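Trainee: Residue strings, one per chain:
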Amino acid sequence: MQGPLPLVFDIHRFALDDGPGIRTTVFLKGCPLSCSWCHNPESMSVEPEIAFYPDRCIRCGSCRDICPELAITDGPPLQIDRLRCTTCGRCADICPTTALRMMGKEYPVDDLLEIILRDRHFFEASGGGVTFSGGEPTLGINYLSRLLAALKAEGLHTAIQTCGLFDYDRFARKILPFADLIMFDIKFIAAAEHRKYTGRDNESILKNFKLLASDAGSRLLPRIPLVPGKTATPWNLMEIASFLADLGILRCDLLPYNPAGIAKRLAAGLKLPTDLPDAPLGVEEEDDLRNLFFNALHSLSKSRLDAGKYSDDPQGGLPCRSTSIMQ
Amino acid sequence: MPDDLILKSAMKNFLDGLTSEVAEDVLQLLLSLMAAVLEFNPGFRKNIAGFNGRYQFKSKDGHITMAALFKDNRLEVVRDKDIPDPDITILFKDGKALMGYLLSPKPDILGSILHQEVSLDGNLNYLYKFAFMSKRLQLMAEGAF
Amino acid sequence: MGTITLTDIRLADQDLNNLPLLKSLRQKSLSAKTEVCIERAHYITTFLRDMAVRDEPMEIRYARAVNHFLSNKIPLFPDDSLLAGTTTSKPFGAPVYPELTGLTIWPELDTMSTREKNPQFISREDTDVLNFDVFPYWMEKNILEATRAREGNPPCMKLFERIVFFIASKAGTISHTVPCYAIALESGLEWLIAEAARHEEELMGKGSLSQDESHQLDFYRGIQIALGGIVAYAARLSAKALELAAQETDPARRKNLAAMASVCAQVPARPARTFREAINGLWILQIAIHAESINMAISPGRLDQILFPWYQRDIADGVLTIQEAMELVGCLWLKLNDNTNLVPETGEELFGGAGTVPAVTLGGINENAEDAVNDLTYIMLRVTELLKTRDPSMNARYHPEINSDRYRDRVAEVIASTKSVPAFYNDIAAIKTLENQGIATKDARDYAIIGCVELSASGRSYDASSSIMLNLVSALELALYNGTRPITGDEQIGPATGTAASFATFEQFWVAFKTQLRWLIGEAVQLNEMMGRTHQGFLPTPLLSALFEGPMENGQDLIFGGARYNSSGATHIGFADTVDSLNAIEKGVFIDRRCTFPELLAAMKRDFEGDAALHAYLVNRAPKYGSEDPIAVKNSHNLLQFLYQTYQGYTNYRGGRYRPAYWTMTNHAGQGKLSGALPNGRKAYRIFASGITPVSQAASELAPCLNAVGGINPLHIPGGEAFNLKYSAIKDKDDLQKFSQAIESYFRTGGLHIQFNIMSYEMLIDAKAHPENYPELLVRVSGYSAYFKDLNDAMKDEIITRTAYDLKTGRSVPFPVQQTGMLPST
Ligand code: SF4
Ligand code: SF4
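Chains as they are written, first to last, in my numbering: chain A, 1 to 327; chain B, 1 to 145; chain C, 1 to 826.
One chain only, chain A, in its complex shape (with noise of 0.2 Å):
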């Protein structure tokens, strides 16, 4: 593979919510989706980014006076000049106290899969394996292709977390084959929503979606992050239990909204939406929703199935912690 590698922002080990078992998760950075709500905005923009994290400041000025583009100013707090900085890391490799971090880190795909397989026990044991998410790790899908490979070859079960904007048949060739478990983020179905909390269509996501749910069969598993008042709504719900039921697909994983984001994006310098909610559904609200859509999802794949609208069988029978699958 010729070029940059793309940029690794996090390994997660002992994973436990991003598929069965005990998991190693890598995070790669970048995603053409801008979702106000992310809650890994460090994941969104391709290039390494400097985050900061003032709890951890002494204050000891290192930073400052390593800076090559006097980047940094003295606070309390302190404070980073974002169109200065050239991201050189420097600061990041003095910080004492890991205040300043960088994030996104280069590996080549021998010494990703050395980490990676160090917890080949952690995996067999529990039934776990190697997530690949983001960002959207299809971005860089030759080096994706060449983890999810030799992982298999390993033996090790894989998966990874898409928001589904991708070149299906890129995808088909080199992702599909390697690909134990495909996590395919479903937000909207209305278009315009889409659009207005994503900055992209979903025209080709629905349509990839689509693809999958007859080339993966029982590997594709869609999930919804629920966020408060933006796709938690009980149309957004309805409209995507509808969606799935035409295609006989009846497990769904619903994923509370994490409200970390905000405190990212404060580190990593970035904006943020004056619109972000604070904090997830409330527990009976969630429940509510929860059943909204699974009884929506069930009787309304039963009526197309006696309609007899289809004949495949409909999926299931995939482990799936994270939330409850049929109700």
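Worth flagging that the hints you see were computed from the coordinates, not collected in a lab. None of the values given here were measured: they were computed from a predicted structure. Note that CB positions come from ideal geometry on N, CA and C, so glycine has one too. Honestly, I wouldn't trust all of these hints.
[To be verified] For lysine to aspartate or glutamate, the following EDC-like pairs were computed, each having C-alpha atoms within a straight-line distance of at most 20 Å:
| no. | chain 1 | residue 1 | chain 2 | residue 2 |
| --- | --- | --- | --- | --- |
| 1 | B | Lys46 | C | Asp806 |
| 2 | C | Lys808 | A | Glu124 |
| 3 | B | Lys60 | C | Asp490 |
| 4 | A | Lys264 | A | Asp278 |
| 5 | C | Lys731 | C | Asp806 |
[Claimed, not checked] Computed footprint of chain C on chain A, listed as stretches where at least three residues anywhere in the stretch have a Cβ under 8 Å from a Cβ of chain C:
| no. | stretch |
| --- | --- |
| 6 | 89 to 98 |
| 7 | 164 to 178 |
Using the hints, position chains B and C with the ligands against chain A.
Mentor: What follows is chains B and C with the ligands alone, placed relative to chain A:
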């Protein structure tokens, strides 16, 4: 009883000495009290029945050198002299450190090891015996016995 | 072996409500106050002083003393237990061993009854007996002073007396062993006595005897005399039970007393016929060993294997129900709690809160490499789960390829429910490690745990596993300061290995450190050898030897090397702090060049006052043991390997090798209090990390931590290790499953041992502030269990600050901000 009076006043001196600032004198006070009580109190004297013990006490700065010789059912206190063949030599930073080590209600033994307040050379059992007797004396002086 | 007939291995329908006897005995046991028991000290001393025939050989004289004590030992029935016999003359007693450590409490006789921390009650009369009668006899004769006199107060002894370098106390090591009870239970002591008599006659028949042979003769006579004492004690128990039964009006009690009378009339003199006889016989043997050896870690071993034949037979014959078996096992567990160590104030600081740590080992594989888990394993697990007592120290063996997941999950569940026990051992690693020590495969497969975590080929290997406790940090300090210690100024203690300024590379410093370590180990070994020889001179162990494989055939006492295998154990304090300090020096001084070596020492001297950036770097950026940083991995492996090779180069006075180990009891807290600031950013006088556990809060990710510790070569730690892992909670089935799988994974990586505390920072902090609300909170210290309230403050802080991992994220839980002052780096 005059014996009793002598004892009482010796004990009072001792207790006062324990709290006084002149910690250097405390060892002397302790040894005199011990000698007196051994003399007058047969119950306490039983502690040294047939006991031969030679104790050398020294402060690290060299200001205090004392010895306690238990023999023939009595205690002889020797001042400012090194005795031959002590069973144990007790080297201490100052009188206060020594008393803290022997008599504190909650001795900070790790602390005294850390600050090298007291160091020992010889048969530790002799020290244990002496420490028991000192503690007993203190309790007697406080009226607990 | 290994067939499970229980319909529910969890025995969920058995609990303390349908085991009311255990419930009430447990309550009694938990609220018992310690009383000093002088019975043994009195009988042994008076016999040796007044009654012994002087020109009789030492072996015989001592055996007679033991016999004298056992024959006069009070048959006490302090409660409604189903088992007869008590370790001491008190319901909860601390026996005095004047020939070993007993005299250290002399100064405190008048105050120990009322001291604040863990008081131990002694009456005025008993104080007088010890002060006037017992202790004076031993002034020149106890093991320490006898050694001093014999060896002319050698330098190694003075080094030991400074406490900070090493502790080499013979006392505990004699009893740190797993005896072989099975033969005595199957055949009876009368048979063993007859065996000894047969050997004696054989020798007698020879006419003239060599010196060795006449030693053997004395040994065989000693066995008969000592074992005779046990038989006499059992007879007294039987008679007393009969007498009490006759007076008893309550029919249930009468029945129990009568049953005990008949049990004690049979065992241990004759073969055990029932499960009850086997358990009570075993208990009497365990008591009897205390007549000879101190109550430190005498470990009954694989009870689910030893007792299984009787259990199986009784169940098949329909004379025993599962509930009855649980009651008997529960009574044994509580009996094993019936005594404690006599602990002076300093001991409280160094060893506080420990029980006597009799270790029981469950599960694993048998000699033929078959699954050894049986119904009794699960019964014992359930009893452990229900009683949650400090002792016995519970250990579960697990062979990842042979034992079932179901068994592993069940052990995990018991840990989750007790929050701390049992400790878990990997059979593959343990067996390989023992084989590497020259233990035959069959014997290695039958290993059991001694005391805290030490591996032993049960009943065949005499391992004296607590011979040396060496403080690694003290060697590091000597290397940093050219053989001196900051606190003692210029005094040259260790070899002069160069000043900090003189080291141009990390390698040079590493060589200096090894030189100090080698020297210190040499001193410690020398002292242990001296004490061993003193021990041989006056404290033979014919009784224990008779309950072992080897001595009877060899005609040689255990302490002369009569066991089939021999070793001495040396454990190490401050491992993680030492490795992290090496890492910090290598990376900070020689790679990153954040400061020079002398600057680092100067900062340490100031306790990092005014060195915030350097200190933060050392704490946050220097490589940590418990991560996969290659520097940390290299230094930890190198240190372990160096210690392994150094110790294995020594042969002890019994012909066995020295085995390094990594468990620390509470010494890491005590020793920490004596040590200045360290290169890893640990501040002066703070606690060290426990056992082989990474420094508190240094390893933030669970998987790398398990990989790093699991990646240690177990062959290098033949004495065993204590890896203490803390999880903040096991909240649900999902957590439990992950918990169990993480253990599996650690074992597959090669980890030897792991033990847990399942407790959050907040709960432990609350328990320190309000001990009255947590009277029964049991924690795993560094090999043994203790009630949290009994620990000293430094040790409490150590347990609180241990990194707690979140099973849901695999990462460490942030330490509460208000309490960061407790951390070793602050
Ligand atoms: S180097 Fe780190 S700790 Fe120091 S001032 Fe900069 S951010 Fe703060
Ligand atoms: S990354 Fe480089 S340019 Fe940016 S603030 Fe840090 S030192 Fe300055």
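Trainee: A separate judgement is required for each hint: does it hold in the structure or not?
Mentor: Consistency of the hints with the structure:
no., hint, result
1, B:Lys46 to C:Asp806, "63 Å, violated"
2, C:Lys808 to A:Glu124, "18 Å, holds"
3, B:Lys60 to C:Asp490, "15 Å, holds"
4, A:Lys264 to A:Asp278, "13 Å, holds"
5, C:Lys731 to C:Asp806, "10 Å, holds"
6, 89 to 98, "holds (count 3)"
7, 164 to 178, "violated (count 0)"
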